[in-house]
Amino acid sequence: MEPQVQEDPERLAEFEARIARGERIEATEWMPAQYRAECLRLIQMHANSEIMGALPEREWIPRAPTLARKMQLVAKVQDEVGHGQLLYRVAEDLGKPRRQMLEDLLAGRSKFHNVFHYPAETWADVAVIQVFVDGAAMQTQGSLRACSYAPYARVLKRICYEEDFHIRLGIDNFKALAEGTPRQRAMLQDALDRWWTPIMHFFGPHDTDSPHLRTMMRWRIKVKTNDELRQQFLRQFVPLIQEYGLRVPDPGLRWDEARGEYVYTEPDWEEFRHVIRGEGPKSQQRLALRNAVWRRHAWVREALERWSAAA
Amino acid sequence: MKLAAVVPEAERVYAVFRQETKSEAHVHVGDVHAPDPRMALVLAKEQFARRDPCVSLWVVPYTAIEATAPEDAEMFQPATDKSYRFGGSYREQQRVYGRRRGA
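Keeping their order, the protein sequence lines are chains R and Z. If you're matching positions, the first sequence starts at 1 in this note's numbering and goes up one per residue. If you're matching positions, the second sequence starts at 1001 in this note's numbering and goes up one per residue.
These are calculated hints, taken from the structure and not from any lab test. Do not rely on the hints blindly, as some may be mistaken.
Unchecked claim - One side only, chain R facing chain Z, incomplete, derived with CB under 10 Å:
hint: 1; residue: R24
hint: 2; residue: A75
hint: 3; residue: F165
Note that beta-carbon positions come from the ideal geometry of N, C-alpha and C, so glycine has one too.
Using the sequences provided together with the hints, build the complete structure.
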C-alpha cells in the first residue's frame, strides 16, 4: 500500500469540484497523491497487458493457417505493442521511470491482465481472444475515453480505433471457424469453453468486493463499474455465440427480463485471485519468454545508446 | 511553462506531428522515445503512419516546447463580447442583402 498522504483539504475540494464539473486533468497540474497513484497503477497495468497480451497471439504467427491470416495477425500484434509504447509514455509522466516499469514487469513485480496468464492452445483460441478478450477490453477502454485523466483519455481514442479493427478481424476468424467443418466448429467450441471463466473474470470482482470503487468513480478514474461492464459485454457478445449455434459455456446463463440483465453462474473467484498474483497456468512461461526476448534484443537498445552517444 | 518539466529524459522524448493531407496542418498525435531526431522520425513513421494517412511528419524534442499552463485556459476567453468577429453575427444583413438581389 502507498502511504496515506494528508492532502490540503482546500486544494482537494477544489480538485474534486473540477472533476465534478467534468474537467480533465493534465500531467502538469496538481493532483492528489492517491489520484496520481491510482492513475499510474491503472495505466501501467494496461501497458503491461498490451505487451503481455501480444505474446499468446505472437505464438500463432508462424502457425497461422494462411498467408492472409498471418499478415493480419502480424498487424494486430504490432498494434498491441504500439499501444504499450503509447501507454508507458503516458504513465511515465505520472512519476515512475519507464525503465523501472519495464523492469518491474520482467521481474514479475507488477501485474498484467488475468486473461494473458492462460494458454492459446489452438488456432480457435486466437479467434476467441480477438473477439471476446479484445471485445471485453473495448468495453472498459471505450468507457475510459471519458475518464478524468486527459493524457490517458487521448491515447485511448487511438487505441480503441485500432481495437475496433481487432474485433472485426476476430469476428471474421470466428465466423470462418463457426461456419466451417464439424472439426473446426468443435475446435471453436472447445476454445470458447476454456476461455469462458477467464473472460467472466476479465472485468474484475463484483462491485461490492471492490474497496476503492467509490473514490475511483468519484474521481472518474473509473467510468463504469465492473458489474456494469460485464453486463454490457454479455449483452453484446452472448448473441454472437448463439447466432452461430454454438453453446454458451455457462448452462446457468439466462436473460432476466425483469432485471434487464443476464444472470450467470459465479465464476471461481479464487482462481482469479491466484491468476492475477502470477500463479496462472502460463504466468511464469510468459514472463520467461518476455525476459528472453528482452535479453535477445539488448543489442537494439545498446545500438540506440551508441547512436545517441555518437550524435 | 516548460512541458519538459514533467517529462522524464525530455530531451529523448519527441512530440510527433502528422500531416494527413497537404491541405491540413500538422497535428500532434503522440510521442516517441528516441536518441536523436532522425531515429525519432523512423519510429514515428512506424508508430503513427503505418495505418493513418500521412504526407509529412514533424518531430520536436519536448525540451523545445514552451506552453501555456493548463490553468491559463481562461485567458483565451474574450473579456468582452466579441461576437462582431464572427460571420454568424451578420445574418440580418445577409438576409436583407440577399432579398435585394432576389434570392
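Hint check:
The criterion of a C-beta within 10 Å of any C-beta in chain Z is met by R24/R, whose closest approach is roughly 9 Å, and the hint holds. About 8 Å separates the beta-carbon of A75/R from the nearest beta-carbon of chain Z, less than 10 Å, and the hint is met. Interface hint at F165/R: satisfied, since its Cβ lies 8 Å from the closest Cβ of chain Z, which is below the 10 Å cut-off.
Checked against the numbered hints given earlier, the structure satisfies every one of them.
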